[in-house]
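Enquirer: Chains as they are written, first to last, in this note's numbering: chain A, 4 to 380; chain B, 4 to 380.
Incorrect hints may appear among the rest.
Taking lysine-lysine pairs in the DSS-like style, the calculated list, with each CA pair at most 25 Å apart, reads [said to hold, decoys possible]:
1. K190(B) x K252(A)
2. K190(A) x K190(B)
3. K47(B) x K88(B)
Footprint (simulated), chain A over chain B, 3 or more residues, beta carbon under 8 Å [what the hints assert, rightly or not]:
4. 68 to 76
5. 185 to 198
6. 215 to 224
Only part of the chain A face toward chain B is listed, based on derived beta-carbon distances under 8 Å [unchecked claim]:
7. K252
8. E268
9. S278
10. T280
11. S316
12. N318
13. P320
14. L375
15. E376
Read the hints as simulated data drawn from the structure, not as lab findings. Glycine included, every Cβ here is placed at the ideal spot set by N, Cα and C.
This is what each chain is made of:
2 protein chains.
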Amino acid sequence: MEPTSRRDFLRMTAIAAAGVPLARPLIPSIAHRATPTTSRQERKLGFALVGLGSLSTNQIAPALQKTKHCRLAGIVTGTPAKAVKWKAQYGIPDKSIYNYDTMQRMADNPDIDVVYVVTPNALHARDTIKAARAGKHVLCEKPMEVSTEKCQQMIDEVKKAGRQLAIGYRCRFEPHHLEMLRIAQQKELGDVRLIESAFGFSIGDPTQWRLNKALAGGGPLMDVGIYSIQSAEMIAGAYPIAVSAMTNKTDPVKFKDVEESMTYELKFPNGISASCTTSYKVNGINRTTAYADNGSFGLTPAFNYDGNKGWRSDNKPLEAPEVDQFATEMDNFADCIINNRPTSVPGEMGLRDVRTMMALYEAARTGRTVTLEGVRG
Amino acid sequence: MEPTSRRDFLRMTAIAAAGVPLARPLIPSIAHRATPTTSRQERKLGFALVGLGSLSTNQIAPALQKTKHCRLAGIVTGTPAKAVKWKAQYGIPDKSIYNYDTMQRMADNPDIDVVYVVTPNALHARDTIKAARAGKHVLCEKPMEVSTEKCQQMIDEVKKAGRQLAIGYRCRFEPHHLEMLRIAQQKELGDVRLIESAFGFSIGDPTQWRLNKALAGGGPLMDVGIYSIQSAEMIAGAYPIAVSAMTNKTDPVKFKDVEESMTYELKFPNGISASCTTSYKVNGINRTTAYADNGSFGLTPAFNYDGNKGWRSDNKPLEAPEVDQFATEMDNFADCIINNRPTSVPGEMGLRDVRTMMALYEAARTGRTVTLEGVRG
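Work the whole structure out from these sequences, hints included.
Expert: The structure is reproduced here in structure tokens:
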């Protein structure tokens, strides 16, 4: 019954969707938007995937086949065998297959519009900057990077290139999370006062990069705890202004480099606070709950690729359609590029969350509440 | 739908019990214990209730009628009209009806064995000490008092009188909580690594003593947050050695004196940590969850007077019989007194939890993790 990888875990815990459609669509819908027709709208944007690990292989490449406005146009990999396999599977032309030393040649490849960075966290700046210098838009997986300095450098370089930078915050486009946001914003159960959110799993292979601080920047907080930060930010409608945290380590051999678990608290400028938990040690932590004046509502599970399930204390349904979250995220970014409008998940949001996570590590290390300036989200 | 009092809330959220009996009894059972027979075992101990508020009226007095080893023998009240009503309802003799000025005369009343202190938190020491000086055993409602100094004084005075002091931790005798404890102790789902626990409700009348810091010692943490501390202590098998906390206030008029909500973290000596939430602002916060190596288990709701409901991630039932928690608690204390064995919920446990709560308030005030010495629980 133990999942052997992070992906298996996310799949194992998925619950079959009820499939009841919402009365009104909540997903940013390209088809229904009244936008000026241009010739660019007709073509699909070419995406190059950088890093062909399990996320690219099992989620992003299949999702690209389901998008309306994107297509898999190129790959960047350091493993020649992967290049051969992907070329055969997806019919990628030789000219669009790169390694990390050659990827700057993308500058001469008009077939690639967007680079999707799916490498380990501490390589995101390297790959984003290369892509920006090649004149490409960049979609970068979360967490944005392992330091605020590197995040700022990414923002600066993409800006200098006149391109857009988005962070792979799939839940920002996930209909259950958007329904949570709607209930909070419309105060359907009154003002939200408290949030609880938790995401964790029992990590497998002790040699993987996620347990290597140099590559990952931290442990479960960086990898999955960030989802609780994002969820709380969505519901609170703000970024946290103060944080506290405690880490926990019961297996110092496996978790010699990064925290095993973390319990953490976020305080928002509007008085809302969030209590969060993340772990690489135990399964079944996958939930977000909002407590409002007239009732509570939440998702359990909240952060799976599919099968997230909503509930409301008034027993009304909290339902939303199932979508391919990666396809929706990529189509949204493509729509931003095509219509020249700013992404709702920009580098600045990624930077802010990295700043929050660095503050949480400082809080855990020093045993002190760490304050952050109160920028509205 | 809004409950108008704390008691209504606890009743409203109760879920009808499934009533499936456990294979083995988990409640400390007097009937099944092989103890030496003495004449004292035959008689019921006389309980005097001090403070005739809603808890005494709606829970404790009715519960006394269901006990095996206790009977309502006396009352202490500052309200003559209540004395008249209780005398009529329960047939209490005049000689066993006291006010706060006369209660020391209990020393001459052999009909009263135990004094159950149900007054506001900051009066517990006053009433406990009077009872001890009258030679009575004392059962004192949680939280024990509003300062560690007063708790220690209570312990010293009861000890000096050669009597027993127990704290009204009803969940220590509640079969669902005992089943949680059993699963944790027997490692049925492996070692517990993380705990989440939360208890809160939307408080009514803004003039009640629970919102007055001088009488309550604090807000929801003192009143209901203490249940999460107790639950985490039971599951972790220890007292916390370090705590951090943040308070939250969105309604500074109603909550001018005490915190509105608190998110808090407890770190235990065995590496386990707990993430907790308490509130006087919102309903529906009522849960305890343990995450272990091979699965998770919990109670939702966890802290009601009846209708607590268990679950396990392996889908095996987490069931337990429904009991009257106050009757069980009082019978357990009576059994301790009759058989001259120490209570499992002594003043020292109450003191330790008050120390933990004072540390949590200090952590919230200073923004610093506060350490506590690592006494095993």
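Enquirer: Look at each hint and say if it fits the structure.
Expert: Each hint, compared with the structure:
no.	hint	in the structure
1	K190(B) x K252(A)	holds (18 Å)
2	K190(A) x K190(B)	violated (43 Å)
3	K47(B) x K88(B)	holds (23 Å)
4	68 to 76	violated (count 0)
5	185 to 198	holds (count 3)
6	215 to 224	violated (count 0)
7	K252	holds (6 Å)
8	E268	holds (4 Å)
9	S278	holds (4 Å)
10	T280	holds (5 Å)
11	S316	holds (5 Å)
12	N318	violated (11 Å)
13	P320	violated (17 Å)
14	L375	violated (13 Å)
15	E376	violated (16 Å)
In terms of the numbered hints stated before, the structure departs from hints 2, 4, 6, 12, 13, 14, 15, listed from lowest to highest.
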